[in-house]
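Visitor: Chains F and V, in that order, are what the protein sequence lines are. Letter by letter, the first sequence follows residues 1 to 306 of the working numbering. Letter by letter, the second sequence follows residues 1001 to 1254 of the working numbering.
Honestly, the hints are just simulated from the structure, not real lab data. Misleading hints may appear alongside valid ones.
[Said to hold, decoys possible] SDA-like, lysine to any residue: derived pairs with alpha carbons at most 20 Å apart: (1) V:1081 / F:300; (2) V:1075 / F:304; (3) F:102 / V:1230; (4) V:1131 / V:1098; (5) F:74 / F:168; (6) V:1131 / V:1143; (7) F:74 / F:88; (8) F:102 / F:304; (9) V:1198 / V:1045; (10) F:102 / F:238; (11) F:102 / V:1091; (12) F:102 / V:1228; (13) V:1131 / F:303; (14) V:1075 / F:104; (15) V:1131 / F:304; (16) F:102 / V:1227; (17) V:1081 / F:74; (18) V:1075 / V:1045.
In this text the structure is predicted, and so the values were computed from the model without any measurement.
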Amino acid sequence: MEIYLPIAEMSVHWLIILGMGGAVGFLSGMFGVGGGFLLTPLLIFYGIPSEVAVATTASHITASSMAGVIAHWKRRTVDFAMAGVLLAGGLMGTSIGVYLFKLLREAGQSEFVVSAGYVILLGTVGGLMLNESQQALRAARSGNPLPARPARHHNWIHGLPLKMRFRQSRLYISVFPPLVLGFIVGILSAIMGVGGGFILVPAMIYLLRMPTSVVMGTSFLQILCVTAATTVLQAASNYTVDIMLAGILILGGVVGAQFGVRAGSRLRGEQLRLLLAILVLAVGARLLIGLVVTPADIFSVAVEGQ
Amino acid sequence: MRAALIAIFLALMPAAAAAENLVSGLSQDQIQITSNYTGSDLVVFGAIEQSADTEEDSETGHRDVVVVVRGPTAKMDVRRKQRIAGIWINNREITLTGMPAYYYVASTRPLDKIAPAQTLGRYQIGLDYVKPERASTHNPARAEQFRQAVVRERVRGHLFTEAPAGVEFLSYSLFRVHVPVPASAPRGQYTAEVYLFKDGVVMAAQSTPLFVDQIGLERRLFSFAHNDAFAYGVATVIMAMLLGWLSSLIFRRA
Chain F
1 MEIYLPIAEM
11 SVHWLIILGM
21 GGAVGFLSGM
31 FGVGGGFLLT
41 PLLIFYGIPS
51 EVAVATTASH
61 ITASSMAGVI
71 AHWKRRTVDF
81 AMAGVLLAGG
91 LMGTSIGVYL
101 FKLLREAGQS
111 EFVVSAGYVI
121 LLGTVGGLML
131 NESQQALRAA
141 RSGNPLPARP
151 ARHHNWIHGL
161 PLKMRFRQSR
171 LYISVFPPLV
181 LGFIVGILSA
191 IMGVGGGFIL
201 VPAMIYLLRM
211 PTSVVMGTSF
221 LQILCVTAAT
231 TVLQAASNYT
241 VDIMLAGILI
251 LGGVVGAQFG
261 VRAGSRLRGE
271 QLRLLLAILV
281 LAVGARLLIG
291 LVVTPADIFS
301 VAVEGQ
Chain V
1001 MRAALIAIFL
1011 ALMPAAAAAE
1021 NLVSGLSQDQ
1031 IQITSNYTGS
1041 DLVVFGAIEQ
1051 SADTEEDSET
1061 GHRDVVVVVR
1071 GPTAKMDVRR
1081 KQRIAGIWIN
1091 NREITLTGMP
1101 AYYYVASTRP
1111 LDKIAPAQTL
1121 GRYQIGLDYV
1131 KPERASTHNP
1141 ARAEQFRQAV
1151 VRERVRGHLF
1161 TEAPAGVEFL
1171 SYSLFRVHVP
1181 VPASAPRGQY
1191 TAEVYLFKDG
1201 VVMAAQSTPL
1211 FVDQIGLERR
1221 LFSFAHNDAF
1231 AYGVATVIMA
1241 MLLGWLSSLI
1251 FRRA
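So here's chain F without its partners, still in its complex pose (with noise of 0.2 Å):
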């Protein structure tokens, strides 16, 4: 059956977008993802519009990641100071995204910058963890582990000023790194629809050396709380949140990410990891074939005031 979007205008199939939601929940399950990154590619493959697709899968991470924050809690692995400081910079980072998103719209360049963005983010994210993943499956064949990372190697990073003591994550350290942190993935949650969780998790892995048990809890809740900003700056400074579009995309995706979890745990990390980094690839490859391909019409219409 047809469903009318009314902010997106336009009649889409609702099995198809149930589908999509249930699929990259599915994955973000498997992977520990928000799934951000498929979501809003997958939307604007389907033909909606670019900045409806950014701000209404926002709205999907959100839904994710509060079951993700619910999980942690419990098991009492969030860093709540950590969190906080991350949120500043995230909601700074918000707020300029979407005014930046709103000149960028203006502009007619909203399509061209979500998908080179893209290009580029999945690309490096994307053969940053291919590498990594065959490097540990040829060390796990040839039976010898790779060497550990020095556990408390000290860096620029411990350099700077304004020290702040987080007991959770056992750190301390200055509060400018999680603040730039935050803000960056800040302004790709609303510049580009991400939750940024794959940036997060490894830069406070591998830049501000938190102990692993307490990242997936932290980068939940930094997650929840700025994609639930950028869903409301977005919904009322650019009218782009299609509230029946999301509620079936949220439907479909808290159903897969339950069986993805499950299907998750039967394969070892470094498969993950490398299953994950050729879908990223792939994603990337697609988006930057539209750059690069001559299109079917060099021109294109946005009607104002619709």
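Using the hints provided, position chain V relative to the given structure of chain F.
Guide: Okay, now just chain V, sitting in the frame of chain F:
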């Protein structure tokens, strides 16, 4: 402006109107977009009435009926992409104001056989003659290039249609036209115009308004999103968090 033209025309030519009178109507004067809306079919029907003494006369000339349905006008930003360093980027933008966002024309024969270009242009009949009121460029060739881009884009989206054999005659004087209105048709006031041509001259014309609107849940969601945007955003977030929380509740028990 066209409505005024038609009114003036009717006032100036009472004799012709009396000789061959046009009566037309619509299947519905309101089209409502609901959640399972996939587009709908509007039927424009009509009859050509003529007095007995002109019957012989009508045998000699060629009679044509043209039906035009125009949607509300819109402001359109038309952008042209250019390849820069191998990548296609929008680099020129022209704003066209006053183009209808929906346009349908049906006729008994191809339009160029019915009337000269000048007449079609005056009434804006046909995809070649749908013109914006204003363009943000002084170069007429460029404005035309961008106007054609709008026509192409609208034709692809089934929002602009030219049906050269779309007028169906049920009898000598009775005709009917099926006008498809897709789900993507914009909301607002439309007009259905019926023209009677004889040997390339407009003999009679009639214009009827109709409305396309969202009703029910869609209408309420749309106005909620636009009139109370902040609360709408908050409501979306609350829905998302509730669904996320419910899912972890349900699946933990299962």
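Visitor: Each hint: holds or not?
Guide: A quick look at each hint next to the structure:
| no. | hint | result |
| --- | --- | --- |
| 1 | V:1081 / F:300 | holds (8 Å) |
| 2 | V:1075 / F:304 | holds (5 Å) |
| 3 | F:102 / V:1230 | holds (16 Å) |
| 4 | V:1131 / V:1098 | holds (8 Å) |
| 5 | F:74 / F:168 | holds (14 Å) |
| 6 | V:1131 / V:1143 | holds (10 Å) |
| 7 | F:74 / F:88 | violated (24 Å) |
| 8 | F:102 / F:304 | holds (13 Å) |
| 9 | V:1198 / V:1045 | holds (19 Å) |
| 10 | F:102 / F:238 | holds (7 Å) |
| 11 | F:102 / V:1091 | holds (18 Å) |
| 12 | F:102 / V:1228 | holds (19 Å) |
| 13 | V:1131 / F:303 | holds (16 Å) |
| 14 | V:1075 / F:104 | holds (18 Å) |
| 15 | V:1131 / F:304 | holds (17 Å) |
| 16 | F:102 / V:1227 | holds (18 Å) |
| 17 | V:1081 / F:74 | violated (52 Å) |
| 18 | V:1075 / V:1045 | violated (31 Å) |
Hints 7, 17, 18 from the earlier list are contradicted by this structure; the remaining hints agree with it.
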